[in-house]
Amino acid sequence: MGRQNMKETSTLLEVRRKKLEECTREGSNPFPNDFTVSHTTEQLRKRFEQLEPGELEQIEEEFSLAGRVMSLRNFGKAAFIHIQDRTGTMQAYLQKDVLGDDDFTLAKKLDVGDFVGIQGRVFVTRTQELTIKVGQLQLLVKSLRPLPEKWHGLSNIETRYRQRYLDLLMNPEVKEVFYRRTKIIHLIRTFLQEKGFLEVETPMMQGIPGGAAARPFKTHHNTYKLDLYLRISPELYLKRLLVGGFERVFEINRNFRNEGVSTQHNPEFTMLEFYQAYATYEDFIDLTEEMICHIAQHVFGSFTIPYLDKEIDFTPPWQRLSMKEAIIHYGKIEPPVLESPELASQALKECGFPSSPQDSLGHLLNELFEQVVQHRLIKPTFITSYPTAVSPLARRNDSNPEEVDRFELFINGQEIANAFSELNDPIDQRERFEKQRASHEDDGEVTTLDEDFLQALEYGMPPAAGEGIGIDRLVMLFCNAASIRDVILFPLLKPER
RNA sequence: GAGCCGCUAGCUCAGCUGGUAGAGCAACGGACUUUUAAUCCGUAGGUCGUGGGUUCGAUCCCCGCGCGGCUCACCA
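Sequential numbering from 0 applies to the first sequence in numbering that gives the first Met the number 0.
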């Protein structure tokens, strides 16, 4: 609950304001920018942690550090503070005899939350903590609001999301999540680059939102008087690049889908999509396994990863099942059921899910899979042989046109990756778009055919495989996060009022 | 969109079957030159998310609303 400007708050704020005014009145700038940092707290820790106190005494070098005051223990003529910088914390000892009267007067006025610059030598306290004996102290920023309490920190989930900066300040493990997120993305980037993939950026604002079936966000360009949509997928643009001769491309960027919010869904989320000419979906099964194992090795040094109340085993090779095999195996359903819309619909109803035999067999199979199988796929599992009806952009299987050359990867019951050999037959593609459009018109939605994309296909797109990986969900797995909001710095929340 | 749960001091939390609120930390004043949840003495801080209702009386019971969490639905 972040109601600001309440009466009782203002007394706390007024006290800080007064200190600020006092500082200004005394002629010093409370917001200077002339302090030079020579070291981070981590650099000093690494350099001196192993030294004996006697050896430390010999070090006459002075160090300049800057950071936020995170704790403060005041004595009559001395004080201990901890400052926090981007690499951690370091204790500093402020002693009247050493600091001199002016700096010590400043020291007595410090509040938790202020930024300070300190300069001094290193020593070890009686309790064996590496500490800076401060010779010069400078106030770098006067903080005007009290930080959350030092012991319990900030735990209110709403405040943690709304004021993420406080969450990051007070909860080191949160900072760790976002360091790890960046590390994972970096690993993916270099992994793909080393295999000859070119990183590209394609439009976020699209005239025709394509490449997936989700409701888009709408926006408008004033000068062109043009309605535009935030992209729901980069797919159709990356394929144009295949047409253009970039044989291996990838993009890591935001997609926007105007749908519900949950622990697995944020309206804007980060997607990796990559495309490789002359590759098949089976090549991408191998590539995906290799890439995610590569991440596991670099992040954990292990194939066994703790996630919430379980452990997930990433040891390759991962299980591979066709969708039908999976339904038979996990759903205890007889094979003939999977060949008849009536029986499949019946089976769905028996499991308690409404369905109609009017639906296509492909949609029914997909529904059965999602209801009966998906949540059981804890260990990484590739599901292949998807129905053509639910895969409008995928290449038909050569021996069975009712199925496409596609897989999805599931881990912990979550869809992590979706890949297929790409449909590059412009005539088939047009028909499938038409079919998709017809079914959407039933839902009252009007969709426009992307004629420009179809034209590009007509020029010829090399045979290729393409894949999308939801980065946020992957990061959740590797950060033991239960909600997607825990791996997105600023998740979307309604305004407070 | 539905169901359940939550919202009390800056932060973290108590508050019984209804009698207009407490603690710790933070803050403020004082003591203290190796502390680390520093310690000791003292002080102050609240429209109990919000709007109604019931009642002599509501933080507490009832209804609406807001925001959040979880589950479900939606999302190939």
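Just so you know, these hints were derived from the structure itself, not from any lab. One or more of the hints may lead you astray.
[Said to hold, decoys possible] Derived Cβ-Cβ restraints for the label pairs, each shown as a range:
#1 Glu20 to Phe302: 56 to 66 Å
#2 His297 to Glu333: 37 to 47 Å
#3 Glu433 to Pro356: 38 to 48 Å
#4 Leu197 to Leu453: 19 to 29 Å
#5 Pro305 to Leu225: 27 to 37 Å
#6 Val111 to Thr189: 23 to 33 Å
#7 Leu225 to Glu20: 31 to 41 Å
#8 Arg85 to Ser438: 32 to 42 Å
#9 Gln357 to Tyr329: 20 to 30 Å
#10 Ile156 to Ser438: 56 to 66 Å
#11 Phe302 to Pro31: 25 to 35 Å
#12 Arg46 to Leu225: 28 to 38 Å
[What the hints assert, rightly or not] Below, simulated DSSO-like cross-link-like pairs (lysine-lysine); rule was C-alpha separation at most 27 Å, straight line:
#13 Lys309 to Lys217
#14 Lys107 to Lys132
#15 Lys493 to Lys217
#16 Lys76 to Lys45
#17 Lys95 to Lys18
#18 Lys108 to Lys149
#19 Lys149 to Lys194
#20 Lys182 to Lys45
#21 Lys309 to Lys224
#22 Lys174 to Lys309
#23 Lys493 to Lys174
#24 Lys17 to Lys76
#25 Lys182 to Lys194
#26 Lys76 to Lys107
#27 Lys108 to Lys194
#28 Lys45 to Lys149
#29 Lys378 to Lys331
#30 Lys18 to Lys182
#31 Lys182 to Lys76
#32 Lys378 to Lys182
#33 Lys107 to Lys149
#34 Lys348 to Lys309
#35 Lys107 to Lys95
#36 Lys95 to Lys17
#37 Lys132 to Lys18
#38 Lys107 to Lys17
#39 Lys95 to Lys108
#40 Lys149 to Lys217
All C-beta atoms, glycine included, are put in the ideal place defined by N, C-alpha and C.
Cross-check of the supplied hints:
| no. | hint | result |
| --- | --- | --- |
| 1 | Glu20 to Phe302: 56 to 66 Å | 59 Å, holds |
| 2 | His297 to Glu333: 37 to 47 Å | 44 Å, holds |
| 3 | Glu433 to Pro356: 38 to 48 Å | 24 Å, violated |
| 4 | Leu197 to Leu453: 19 to 29 Å | 24 Å, holds |
| 5 | Pro305 to Leu225: 27 to 37 Å | 49 Å, violated |
| 6 | Val111 to Thr189: 23 to 33 Å | 40 Å, violated |
| 7 | Leu225 to Glu20: 31 to 41 Å | 52 Å, violated |
| 8 | Arg85 to Ser438: 32 to 42 Å | 52 Å, violated |
| 9 | Gln357 to Tyr329: 20 to 30 Å | 26 Å, holds |
| 10 | Ile156 to Ser438: 56 to 66 Å | 39 Å, violated |
| 11 | Phe302 to Pro31: 25 to 35 Å | 51 Å, violated |
| 12 | Arg46 to Leu225: 28 to 38 Å | 58 Å, violated |
| 13 | Lys309 to Lys217 | 41 Å, violated |
| 14 | Lys107 to Lys132 | 16 Å, holds |
| 15 | Lys493 to Lys217 | 18 Å, holds |
| 16 | Lys76 to Lys45 | 30 Å, violated |
| 17 | Lys95 to Lys18 | 20 Å, holds |
| 18 | Lys108 to Lys149 | 19 Å, holds |
| 19 | Lys149 to Lys194 | 47 Å, violated |
| 20 | Lys182 to Lys45 | 22 Å, holds |
| 21 | Lys309 to Lys224 | 53 Å, violated |
| 22 | Lys174 to Lys309 | 23 Å, holds |
| 23 | Lys493 to Lys174 | 24 Å, holds |
| 24 | Lys17 to Lys76 | 23 Å, holds |
| 25 | Lys182 to Lys194 | 19 Å, holds |
| 26 | Lys76 to Lys107 | 9 Å, holds |
| 27 | Lys108 to Lys194 | 57 Å, violated |
| 28 | Lys45 to Lys149 | 26 Å, holds |
| 29 | Lys378 to Lys331 | 19 Å, holds |
| 30 | Lys18 to Lys182 | 41 Å, violated |
| 31 | Lys182 to Lys76 | 45 Å, violated |
| 32 | Lys378 to Lys182 | 23 Å, holds |
| 33 | Lys107 to Lys149 | 19 Å, holds |
| 34 | Lys348 to Lys309 | 31 Å, violated |
| 35 | Lys107 to Lys95 | 10 Å, holds |
| 36 | Lys95 to Lys17 | 24 Å, holds |
| 37 | Lys132 to Lys18 | 25 Å, holds |
| 38 | Lys107 to Lys17 | 15 Å, holds |
| 39 | Lys95 to Lys108 | 13 Å, holds |
| 40 | Lys149 to Lys217 | 44 Å, violated |
Taken one by one, the earlier hints fail for this structure at numbers 3, 5, 6, 7, 8, 10, 11, 12, 13, 16, 19, 21, 27, 30, 31, 34 and 40, listed in ascending order.
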